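Chains as they are written, first to last, in the numbering used here: chain A, 1 to 189; chain B, 1001 to 1123.
No lab work stands behind these hints, which were simulated from the structure alone.
Please read all numbers here as calculations on a predicted model, not as lab measurements.
Accuracy of the hints is not assured; some may be wrong.
Claimed, not checked - Partial chain B-side listing against chain A, Cβ under 8 angstroms, derived: (1) Thr-1042; (2) His-1064; (3) Arg-1106.
To be verified - Ranges of calculated distance between the beta carbons of each label pair, as one might list FRET restraints: (4) B/Ile-1112 to A/Ser-167: 49 to 59 angstroms; (5) B/Thr-1110 to A/Arg-172: 15 to 25 angstroms; (6) A/Ala-187 to B/Leu-1123: 19 to 29 angstroms; (7) B/Asp-1061 to A/Asp-95: 30 to 40 angstroms; (8) B/Thr-1110 to A/Asp-121: 39 to 49 angstroms; (9) B/Thr-1031 to A/Arg-111: 37 to 47 angstroms; (10) B/Asp-1077 to A/Met-186: 46 to 56 angstroms; (11) A/Pro-156 to B/Asp-1028: 20 to 30 angstroms; (12) B/Gln-1065 to A/Phe-117: 40 to 50 angstroms; (13) B/Leu-1051 to A/Glu-138: 48 to 58 angstroms; (14) B/Phe-1107 to A/Glu-138: 50 to 60 angstroms.
Backbone N, C-alpha and C fix where the C-beta goes; we use that ideal spot for every residue, glycine too.
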Amino acid sequence: MDSRPSEAELAVKILVAGGFGAGKTTMVASVSEMRPLRTEEQLTERSIGVDDLEGVERKTTTTVAMDFGRITLRTGLVLYLFGTPGQDRFWFMWDELAEGALGAVVLVDTRRLADCFASIDYFERRGLPFIIGVNTFEGAKPYTPEDIRIALDLDPEIPVINCDARSRESTRQVLITLMGHVMTAMARR
Amino acid sequence: MSGHEWLDEEAGPVVRAFWLTGGRTASDNRTDLDLMTLVVRTPEPVYGSLLLSPEHEAILDLAHQPLTVAEVASALDLAVGVVRVLLGDLLNDRRITVRRPSSVARFPTTRIIEEVIHGLQAL
C-alpha cells in the first residue's frame, strides 16, 4: 500500500487564462497526469455569431465550464491547473477559481490580442502574480516579447515568453517561469 | 431565469443536469466543497438512511482513495454543481469524509516555491 499522507497535504493552484481559442485546454492537457476535466459544448451555427470565430480555425467546441489538471510534484505536494472560462458570460465563475490561486498564466494568441485584456485587468485588480505566454500558432505573424509587452502595456517586471501550448516541455517551462515570478513578487512585498 | 444572461441555450443543459439531484441545486449540507477539497469514503460500513442512486454508488467506488471534488466531476462527467449536491447527501449519511489541503497561496514561503520549481524541473 502506498503511503498516502492524511496530513500536511499542500496544494498549489495555478490559473490558465486567455481569450477563447488561445490554447488553455491544450496547455492544461499537455502536462496533466489525469484526464482533463472539462465541460464542452458543440458550437452550433447559432452560437458562431456569439463566439466570433473569426481567426480561430478548426475549433469546433468551446469550453463552458473549466479545464482542470493535476501534477503530483511529490507525496503531499500537488499542483492543480485550472483553465478559466473563455467567454464573457462565464465571468461569474472567476472569483471562485481565483480563490486560493498562487499565480496565473495568461495565454495570448497574437492574432486576437485584445481577447486577453480582460484577464490581465482581472489579475492586476486582484493583485495575483501572472505571466504572459505567447502561444505560437502556425501562420501567425511572429512578434518579439517586447512587441507584446508594449502592445499590452505591461509592467516591465512581468515575464512575457513564447510557448507552444501543445508541448509538455514548453508548458513546464511556462510554469517554472511563473513560479520564479511569484517568488520575485513575494520578495517585493 | 431571465436576468441570468449566461443561462442561455449555449450555456448547456443546466436544468437537465440537476435532474439527478431531484432538482436540488444546493445541498442542505453546508460543508464547503471547493474544487480542491479531498473526498474519501468512510472505511467502516455505514447503514445510513440514504437511498443510493447509481451516481452516489459511483462516487463511493471512486472515493476508496482520496480524490478532489473536481476529479469526481471529471470521472463522472457531471457538472460540479450536481456533484456538490450528491457529495452533500453522502456527507449527511456519513458515508464520506472530506478534508481541505492547505493552499500554498495562503502561506507562501520561498522554500515551498523552490520545491515546486524543483518538482517541475524533475518532471
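Go through the numbered hints given earlier and state which of them the structure violates, listing their numbers in rising order. 1, 2, 4, 8, 10, 11 and 14
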